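Each residue of the sequence shown is one higher than the one before, counting from 1 in my numbering.
Read the hints as simulated data drawn from the structure, not as lab findings. Fair warning: this is a prediction, and the values are worked out from it, not measured in the lab. One or more hints might be untrue.
[Claimed, not checked] Here are the simulated lysine-lysine pairs, DSSO-like style, with alpha carbons at most 27 Å apart:
| id | residue 1 | residue 2 |
| --- | --- | --- |
| 1 | K235 | K163 |
| 2 | K205 | K163 |
| 3 | K203 | K235 |
| 4 | K101 | K32 |
| 5 | K235 | K205 |
| 6 | K235 | K3 |
| 7 | K101 | K3 |
| 8 | K203 | K3 |
| 9 | K205 | K32 |
| 10 | K3 | K205 |
| 11 | K3 | K32 |
| 12 | K266 | K291 |
| 13 | K37 | K3 |
| 14 | K203 | K101 |
| 15 | K94 | K205 |
| 16 | K261 | K3 |
| 17 | K205 | K261 |
| 18 | K3 | K94 |
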Amino acid sequence: YQKNSHQQMEPASTTKILTAIVAIENGDLNSKTIVSKNAARIEGSSIWLSQGEVQTLEDLLYGVLLSSGNDASVAVAEHIAGNQERFITMLNEKARAIGAKESNFVNPHGLPVSNHLTTVHDMAAITRYALHNPVFAKIVSTRQHVTPWPGNDWDRSMTNHNKLLWRFDGADGVKTGYTRSAGHCLVASATRDDQQLLAVVFKSKDMYADCSALLEWGFANFELIRIASAGQVIKPANVTDGVRDVVNVIPAQELNLVLSKSQARKMALEIDLSSNIPAPVMRLQSVGRLKAVCDGAVLAEIDLITEEAVPRRTFLHVFVNWLRRLFGR
1 YQKNSHQQME PASTTKILTA IVAIENGDLN SKTIVSKNAA RIEGSSIWLS
51 QGEVQTLEDL LYGVLLSSGN DASVAVAEHI AGNQERFITM LNEKARAIGA
101 KESNFVNPHG LPVSNHLTTV HDMAAITRYA LHNPVFAKIV STRQHVTPWP
151 GNDWDRSMTN HNKLLWRFDG ADGVKTGYTR SAGHCLVASA TRDDQQLLAV
201 VFKSKDMYAD CSALLEWGFA NFELIRIASA GQVIKPANVT DGVRDVVNVI
251 PAQELNLVLS KSQARKMALE IDLSSNIPAP VMRLQSVGRL KAVCDGAVLA
301 EIDLITEEAV PRRTFLHVFV NWLRRLFGR
């Protein structure tokens, strides 16, 4: 479901989703950074970093994604790229590489500034990409993170702003956002029965109700279908002139599809496989295609490959087999 999904809008702090994944992919979580004056004095939401404070990249990322710290976002940007300007270049390059081509990021935190824009379509693509990273996925699903607070007698406790983690069955991410001009923004994910769904709303009057309704609708109307698993034997294939007459055929990769429940009922599998494969057969040799089809349309297809090699049958093989049959061995 989508509505105005390609309309450019201010993303507010959902910007930090992209900031975090770029930092995770380009930094060492255990590396330490000294918080700059620039980072410590940034306006807006904060984890109260002090100039000169030393923090690990990992703890800063919790500050970015849980407490939505603008100070932590600037500290991360400076740590990864040396300054915000170079980091912004990295953000936009990553967005384009992901396929978010209707976006332009001007800062790492999402405070309103001219031309800092994205779309819900692009933010969904960015988040879907980020959730494949286990570090990112772990952080955004964390309700609370506690870390030492230098110069204080107590720890720094960071609580996730995303209330769906407490309210919605299966919620596991990802990020809230708000400014007066952007309104209330939420990117939310939830997983049930191994199926993870994503909802994105910008300028919402009730972001939690909207995302909850979208996710519930998704779970009610769509399901995850496992088409093929790694190593699953699809069927044996005949081999001609080989030392064996058959070879098992397996999928080249795992294939899962999220389909509407009506599609799932009508979906069928088609196997396009050579009737006789001439030897020699190489291990992992492509010999056919597996297709998921619905109403005559191909939803997805993958290569079928051989599980093992089958050498060509030679005179020596024939002679040895003749001797075995002759002597009953």
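Here is what the structure says about each hint:
Straight-line distance between C-alpha atoms of K235 and K163 comes to about 48 Å, which puts the hinted pair past the 27 Å bound. As the CA atoms of K205 and K163 are separated by approximately 15 Å, the hinted pair is consistent with the 27 Å bound. For the hint linking K203 to K235, the alpha-carbon distance of about 52 Å lies beyond 27 Å, and the restraint is violated. Pair hint K101 plus K32 does not hold up; C-alpha atoms about 33 Å apart against a cutoff of 27 Å.
Restraint check for K235 and K205: the C-alpha separation of about 54 Å exceeds 27 Å, so the hint is violated. Our distance criterion of 27 Å between C-alpha atoms is broken by K235 and K3, whose separation comes to about 44 Å. For the proposed pair K101 and K3, the alpha carbon gap of about 18 Å is at most 27 Å, so the pair holds. For the given pair, K203 sits about 12 Å from K3 by alpha-carbon distance, which is consistent with the 27 Å threshold.
For the hint linking K205 to K32, the alpha-carbon distance of about 40 Å lies beyond 27 Å, and the restraint is violated. A distance of roughly 15 Å separates the Cα atoms of K3 and K205; the hinted pair therefore holds under the 27 Å criterion. The straight-line distance between the Cα atoms of K3 and K32 is roughly 42 Å, outside the 27 Å bound, and the hint therefore fails. Distance check on the hinted pair: K266 and K291 sit about 14 Å apart at the alpha-carbon level, within 27 Å; holds.
For the given pair, K37 sits about 42 Å from K3 by alpha-carbon distance, which is inconsistent with the 27 Å threshold. In summary, the hint linking K203 to K101 is supported, as the alpha carbons are separated by about 21 Å, within the 27 Å threshold. The suggested pairing of K94 with K205 is violated, with an alpha-carbon distance near 30 Å, which exceeds 27 Å. Taking the CA atoms of K261 and K3, the gap is near 22 Å; set against the 27 Å cutoff, the hint holds.
Restraint check for K205 and K261: the C-alpha separation of about 30 Å exceeds 27 Å, so the hint is violated. For a cut-off of 27 Å, the pair hint linking K3 to K94 stands: about 25 Å separates their Cα positions.
Violation of the numbered hints given earlier is confined to hints 1, 3, 4, 5, 6, 9, 11, 13, 15, 17; the remaining hints are satisfied by the structure.
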